[in-house]
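Colleague: Below, each chain spelled out in residue letters.
Number of protein chains: 2
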Amino acid sequence: MTENKLIGAAVVGQSGGPTAVINATLAGVIRAALSDEFKGTVTEIYGMRNGIEGFIDGRMINLSEIFTKADGTTDEDKLTLLTQTPASALGSCRKKLPDPEKDPEFFEKLIARFKENNIRYFFYIGGNDSMDTAAKLSRYVADHHYEMRVIGLPKTIDNDLPGTDHAPGYGSAAKFIATEVQEIVRDCAVYTVPAVTIVEIMGRDAGWLTASAALPRVLGGYAPDLVYLPEAAFSMEEFFEDLRELFKKKPNIVVAVSEGIRFANGTYVGEADQSGVKDVFGHKYLAGTAKTLEQAAKAEFGCKVRSIELNLPQRCGAHFASQTDLTEATEAGAAGIAAAVAGETGCMIAILRDEKADGYSVYYKPLNVQNIANGEQKVPDKFLNEKKNNVTDECLRYIAPLIVGEPKIIMNGGIPVHFVFD
Amino acid sequence: MTENKLIGAAVVGQSGGPTAVINATLAGVIRAALSDEFKGTVTEIYGMRNGIEGFIDGRMINLSEIFTKADGTTDEDKLTLLTQTPASALGSCRKKLPDPEKDPEFFEKLIARFKENNIRYFFYIGGNDSMDTAAKLSRYVADHHYEMRVIGLPKTIDNDLPGTDHAPGYGSAAKFIATEVQEIVRDCAVYTVPAVTIVEIMGRDAGWLTASAALPRVLGGYAPDLVYLPEAAFSMEEFFEDLRELFKKKPNIVVAVSEGIRFANGTYVGEADQSGVKDVFGHKYLAGTAKTLEQAAKAEFGCKVRSIELNLPQRCGAHFASQTDLTEATEAGAAGIAAAVAGETGCMIAILRDEKADGYSVYYKPLNVQNIANGEQKVPDKFLNEKKNNVTDECLRYIAPLIVGEPKIIMNGGIPVHFVFD
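The listed protein sequences correspond, in order, to chains F and R. 1 is the number of the first residue of the first sequence in this note's numbering; add one for each residue after it. 1 is the number of the first residue of the second sequence in this note's numbering; add one for each residue after it.
The shape of chain F in the complex, shown without the other chains (with noise of 0.2 Å):
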């Protein structure tokens, strides 16, 4: 930590995949630098447009100029709407950084880039690659002596960034999850005829999005009967026996599934269609695991087997978010400045669980980004079941707190209101 006061303009932006909170926390960021308590210190606040990418090639707005009133007090009322809309308000990317050794030039224009508005403030909001940006940049203004500190906010609806108990973007995203397949559940109990729906959730790696499913389960809901996530090893005959087992009590079978499960041989199961092979029923695939999904179980069965890809609802469904999550996601912007402010460099805001305090409660703590980069946060095993097609009730208490709580919504005529940088 440095403990010189450093006077600069901050830039903020937005990278990866979007999510129903990503603009929470950049107004956390704004809201904070232009507090009373920064403002002295952070004299302007830009934003990025589409990322480091819009970024090197000069674009940027100023957001002090956007969300300060003729009065000079802030615009609370564009903030709120600003929190309340899904996706990277500023736009995104997906660039990955170059290795600065290999394209020295790449760095040198960033570097003119912060030179020229005195930027001395980097905040940078996003999952695994974003952190990975934040790494490289910290080590490399370092290494060539421009003062500036480089914070990572995280996102992810993913959940997988090791570190932090949790990122912003997951309880909302679980949120719509549990509460759309628990709708799902009750459209598909109408019916006595014998039938099964495969739900497809978000999740290539880590299986903590499909967890989200069984929520209802300790809530008092209703939660589909099979949770198969990409942790487990997917075994197409212990597939059936579970069906088998299923049908044995009820007609109406539904079953959430992690896009990303894969079989024993490492070979994704709705990975067929993309190399074309045809499946063992002969068929060739063309769409995703739950579809390939149906097609085995209606092969197997010959029953009405249905498939539903939640897509990309879940990660933009800003009029169902969770309002722990949006506070924590605003909080996390708000820590970001905090500690660069305070001097902390190379490092994302983490979210931490107080494990003293009653009840579910949670601080913020800025942790070394080097060692979060390429790390990836899986479910553990301890959280799947024995047969390994649901999750443990220990899971979805873990789980719970980060969907509670529902958000006043501004609407208009019926639907949300959304905040846009024209």
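One or more of the hints may lead you astray.
Since copy identity is lost for identical chains, a pair holds within one copy or between any two.
As the list claims (entries may be wrong) - Each computed SDA-like pair below joins lysine to any residue, with the alpha-carbon atoms no more than 20 Å apart:
1) Lys-95 x Lys-304
2) Lys-250 x Val-420
3) Lys-249 x Arg-49
4) Lys-115 x Asp-143
5) Lys-365 x Glu-271
6) Lys-298 x Glu-271
7) Lys-408 x Gln-323
8) Lys-39 x Lys-69
9) Lys-304 x Glu-271
10) Lys-382 x Gly-40
11) Lys-304 x Glu-394
12) Lys-298 x Gly-163
13) Lys-115 x Glu-53
14) Lys-250 x Asp-422
If you're looking for bench data, these hints aren't it; they were derived computationally from the structure.
Assemble chain R onto chain F, guided by the hints.
Modeller: Leaving out everything else, chain R in the frame of chain F:
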């Protein structure tokens, strides 16, 4: 209209596909039946499990008992929970009544069930097929001198029931679609690379649901760029041309399509997969309409193309129902009881717009169900734009009032609480 006071029990059933508000209509029927106004006439209210199919097997529950508290008053807490629960709480069926001449036994069995419990009022909540049931049954009991009043209560997300201005279930589905598609539009706008996102919306023959995706356009929000309904013949070449024009202006294009769009020759766009034939590009399609368009646009433009099926959540999204829809669904149920007690039979309760009122206002009117049973209300030609690739503002002004208002949902731990009959 008969004028004698008919004292006896009532039975209510739900049929066809579920909606977000079908239980609100059920709650409206129950509340009215138990009210001081009608409980002297309607001696008991029963519920059919799984519609007429369960009823004929004697599967019936006593709703009067379930919804009356120990002190004799109506259990409003239970009715509130029932109202916010999606999907037919009594269970549903897809049974189409046989022709009484061809299967007189079926009807004799039904009459025996009615007599067993002195059932004199019959309420059936459903869409076209359910209205056919109400029509056949009302004719049959009249012909066979069993005095029973038969009332159809409208329910369909498709909004294709003739006679009524709109049907309960449509407003909530429209609100959910408008909200989710707006979120998808925002999600897709974050990157700068050319991309097409195709959202498939329910509606085999009528495009009302797909039209609702465009609602944000008249509500100051963000709507899809193209909207294709089944009411207009679909042309792949015109679709490509529409995309080409849009790509001149923006990189991200969002398209809303009805699952039921057809080529000029009458073939469903998504049909190729079912027949197993190969498409013009030599690929075999296994998926639906949006998937077919995804493959076609990918081959034509070589850019990122993604398809999203909104699927079942469209019809069971009670967590974000329209308060207007919920209120009308409930009132239609109550209007059914009032009409039946007043002597109406063989009718469906229609919801009609009071054109003389300031702003949006409706009233309920029993219409001859015979005229409704086999009709279908499609999106009129005047509601499509000239190029048939979007809907008009007039169309959206018709839909807009139906999605207004958000109910206060009773939650537990972050998910909505659902009512269940044990």
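Colleague: Hints first: check each against the structure and report whether it holds.
Modeller: Going down the list of hints, with the structure as the test:
1. When the C-alpha separation of Lys-95 and Lys-304 is checked against a cutoff of 20 Å, the pair qualifies only between copies, where the shortest distance is 17 Å, while the shortest distance within a copy is 43 Å.
2. When the C-alpha separation of Lys-250 and Val-420 is checked against a cutoff of 20 Å, the pair qualifies only between copies, where the shortest distance is 16 Å, while the shortest distance within a copy is 48 Å.
3. When the C-alpha separation of Lys-249 and Arg-49 is checked against a cutoff of 20 Å, the pair qualifies only between copies, where the shortest distance is 19 Å, while the shortest distance within a copy is 55 Å.
4. Taking the closest pair of Cα atoms, Lys-115 and Asp-143 come within 20 Å of each other only inside a single copy of the chain (16 Å); across copies the shortest separation is 91 Å, beyond that limit.
5. Proximity of Lys-365 and Glu-271 under a CA criterion of 20 Å is satisfied in neither setting, with 39 Å inside one chain copy and 55 Å between copies.
6. Proximity of Lys-298 and Glu-271 under a CA criterion of 20 Å is satisfied in both settings, with 19 Å inside one chain copy and 19 Å between copies.
7. In this homomeric assembly, Lys-408 and Gln-323 come within 20 Å of each other (Cα to Cα) both inside a single copy, at 9 Å, and across copies, at 16 Å.
8. Proximity of Lys-39 to Lys-69 under the C-alpha cut-off of 20 Å is restricted to the intra-copy arrangement: shortest distance 15 Å within a copy versus 61 Å between copies.
9. With identical chains, the CA atoms of Lys-304 and Glu-271 are at most 20 Å apart between copies only, with a shortest distance of 18 Å across copies and 23 Å within one.
10. Taking identical chains as interchangeable, the C-alpha atoms of Lys-382 and Gly-40 are never at most 20 Å apart, the minima being 49 Å within one chain and 60 Å between chains.
11. For a Cα distance limit of 20 Å, the shortest separation of Lys-304 from Glu-394 qualifies neither inside one copy, at 33 Å, nor across copies, at 40 Å.
12. In this assembly of identical chains, the alpha carbons of Lys-298 and Gly-163 never lie at most 20 Å apart, being 42 Å within a copy and 40 Å across copies at closest.
13. Proximity of Lys-115 to Glu-53 under the C-alpha cut-off of 20 Å is restricted to the intra-copy arrangement: shortest distance 17 Å within a copy versus 76 Å between copies.
14. For the homomeric pair Lys-250 and Asp-422, the shortest alpha-carbon distance between copies (15 Å) is at most 20 Å, but the shortest distance inside one copy (54 Å) is not.
Going through the hint list in order, the structure does not satisfy hints 5, 10, 11, 12.
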